[in-house]
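Protein sequence lines, in the order shown, are assigned to chains A and B.
If you read the first sequence in my numbering, its first letter stands for residue 912, the second for the next number, and so on.
If you read the second sequence in my numbering, its first letter stands for residue 9, the second for the next number, and so on.
Just so you know, these hints were derived from the structure itself, not from any lab.
Since the structure is predicted, the reported quantities are computational estimates derived from the model, not experimental observations.
We put the beta carbon where it would ideally sit given N, CA and C, even for glycine.
The reader is advised that the hints may include incorrect statements.
Per label pair, the in silico range of CB-to-CB distance [to be verified]:
{"#": "1", "chain 1": "B", "residue 1": "Gln78", "chain 2": "A", "residue 2": "Tyr923", "range": "42 to 50 Å"}
{"#": "2", "chain 1": "A", "residue 1": "Lys1189", "chain 2": "B", "residue 2": "Lys127", "range": "53 to 61 Å"}
{"#": "3", "chain 1": "A", "residue 1": "Lys991", "chain 2": "B", "residue 2": "Met115", "range": "50 to 58 Å"}
{"#": "4", "chain 1": "B", "residue 1": "Ser83", "chain 2": "A", "residue 2": "Asp1125", "range": "54 to 62 Å"}
{"#": "5", "chain 1": "B", "residue 1": "Asn212", "chain 2": "A", "residue 2": "Lys1143", "range": "28 to 36 Å"}
{"#": "6", "chain 1": "B", "residue 1": "Lys15", "chain 2": "A", "residue 2": "Asp1174", "range": "54 to 62 Å"}
{"#": "7", "chain 1": "A", "residue 1": "Lys991", "chain 2": "B", "residue 2": "Val225", "range": "39 to 47 Å"}
{"#": "8", "chain 1": "A", "residue 1": "Gln1004", "chain 2": "B", "residue 2": "Lys15", "range": "35 to 43 Å"}
{"#": "9", "chain 1": "A", "residue 1": "Lys1177", "chain 2": "B", "residue 2": "Arg237", "range": "25 to 33 Å"}
{"#": "10", "chain 1": "B", "residue 1": "Ser83", "chain 2": "A", "residue 2": "Glu1057", "range": "29 to 37 Å"}
{"#": "11", "chain 1": "A", "residue 1": "Gln1009", "chain 2": "B", "residue 2": "Asp186", "range": "33 to 41 Å"}
{"#": "12", "chain 1": "B", "residue 1": "Ser280", "chain 2": "A", "residue 2": "Asp1174", "range": "13 to 21 Å"}
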Amino acid sequence: MAIKINNLSFVYMKKTPNETKAIDDISLEIPEGKVTAIIGHTGSGKSTLIQTFNGLLTPSSGTVEIDDFVITNNPKKNKKIKELRKKVSIVFQFPEYQLFEETVEKDVAFGLKNYGYKEEDAIKEAHNALTVVGLDESFYKRSPFELSGGEKRRVAIAGIIALNPEILILDEPTAGLDPEGSKIILNLISKLNEEGKTIIIVTHDMNIVLNNSDHVIVMNNGKIAFEGTPNKLFASDVSNYSIDIPRLFEFCLLLKEHNVNIDIDKIKNVDDLINQLKERK
Amino acid sequence: MKCIEVKDLTYSYDENTPVLKGISFDIDVGEYVSIVGHNGCGKSTLCKLLIGLLEKNSGSIVIKGQELNQENLTSIRNKIATVFQNPDNQFIGATVEDDIAFSLENMNTPLNEMTQKVKEAASKVGMIDYLTKEPSYLSGGQKQRVAIADALVREPEILILDEATSMLDPSGKKEILDLISQMRKENPSLTVISITHDIEESYNSDRIILLDEGNLVLSCSPSELFDNRELIKKYNLTVPFVVELKYKLEEIGYKFDQNPSLEEIGEKLWQSK
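Please model the complete structure; the sequences and the hints are all you need to start from.
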């Protein structure tokens, strides 16, 4: 399932003194089966944009098309929205704050029960989802509140994965986690993508953009400032969008400047660079 | 002069799970110290003990010569400002200016002085245009800048950052770190303690204190730590990019001096091409 966005605009607090245009007439397509990163500085419209992808926000004008679902500015027409939300799920920033149940398995099963699963089936699916995020049986009966930050986040993500969405949207999935916790989440995202899920990540971390994404969209003042591969983005002039070029990429550009023969389009991580240098030796 | 002296500090949330197992360290006035370690190592607990939000089980904390206890809790807290990770948990005012003014109001600051101080703090963190906005209109990064203004306005002697920049975008983060170094320049006696997962940030501090499972396992300069591969491996630490690059190039046969800069590493590469 690809997401097609046509002339989408979104205005907060319309017709009040606080009226703010968060999204300003944008059109784009999010490719199916890829990892797309959405970046841009705070207030650029990233979070607003993703909330239109499953109808949490109704467009002020324009449409969002996913498969045969079309979300328009007329809420009455957006009837099959619940079905859509099962296919397009959002993991919000700090999703662990939404945990509330007595046990981990009950928390993960909550969404499924809302979609009509019987208790028993919901728990079974919950266990599968917990396995996917790397939490074993010993976690099932524990209270989600006594887990570490990284574990809580994985429980929260399991609650979404249990619904088996085709498109998974994650808003700042690694924020506040230690490097090890981040790595676990990023590996999990890669694994889900390899299994065929379309992934959208909203992030400020340019290393995630370079290392983990196929496609990147830069938002600026509610408009799209760039769309393409991460390597193309970082090789272009990014001075206007408050983007920090990853150290690795900056270093590669420096090497290029000094005529070291490397192919920067193929460098996603330090090992890629090392391998290219090794071959050259 | 010592700013903070911690001795044999222990703490446990319940009997079976000690979080801090007797740690001791000193921090000098004006020092910029990073406290690092994996989630659950006791970093945030330590921070809460330092500001008296939690009461230690045993050991002692002396801040600027004063032992931290019930009697002088208030006077010690007046010296310390803390910025926590999640700005939503520390936004109290109805608007940005109210929020920044909150602590000044508690200290009975005269109105015109207060107005002036609020404006100064807000412009330092780049939020001067938002004085009358409500928190719900601000993004996470903007709220965090307000939280930092809340801290600045109290002119603290000790600034504790508990993962304070982890929610900011790159430019916001850089802005805050630049701001902190500017504050340190203006006021060399400002002591900064930063609890951080950002390895690049800790690389720029004066000293790194590493906690592991409630023990203080290391206290040394960043370059000392990152030059020691065994320590890195033992505690499964992420290293700054320049260190990772150096390690991996050494593995394929390049040789470098101690702590080379990126430029120096680059030079080796383009000279040998």
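Checked hints:
At roughly 47 Å, the beta carbons of B:Gln78 and A:Tyr923 sit within the given window of 42 to 50 Å. Remark: the range hint 53 to 61 Å for A:Lys1189 to B:Lys127 is upheld by a beta-carbon distance near 57 Å. Under the hint 50 to 58 Å, the C-beta atoms of A:Lys991 and B:Met115, about 57 Å apart, fit the expected range. Between B:Ser83 and A:Asp1125 the Cβ separation comes to about 56 Å, which falls inside the hinted range of 54 to 62 Å.
Remark: the range hint 28 to 36 Å for B:Asn212 to A:Lys1143 is upheld by a beta-carbon distance near 30 Å. Separated by about 56 Å at the C-beta atoms, B:Lys15 and A:Asp1174 satisfy the suggested range of 54 to 62 Å. In this structure, A:Lys991 and B:Val225 break the distance hint of 39 to 47 Å, their C-beta atoms being roughly 56 Å apart. Under the hint 35 to 43 Å, the C-beta atoms of A:Gln1004 and B:Lys15, about 39 Å apart, fit the expected range.
Between A:Lys1177 and B:Arg237 the beta carbons are some 28 Å apart, a value that agrees with the proposed interval 25 to 33 Å. Range check, B:Ser83 to A:Glu1057: Cβ separation about 36 Å, and the 29 to 37 Å hint holds. Taking the beta carbon of each, A:Gln1009 and B:Asp186 are about 34 Å apart, inside 33 to 41 Å as hinted. Distance hint check for B:Ser280 and A:Asp1174: the Cβ-Cβ separation is about 18 Å, which falls inside the suggested range of 13 to 21 Å.
The earlier numbered hint that this structure contradicts is number 7, and it is the only one.
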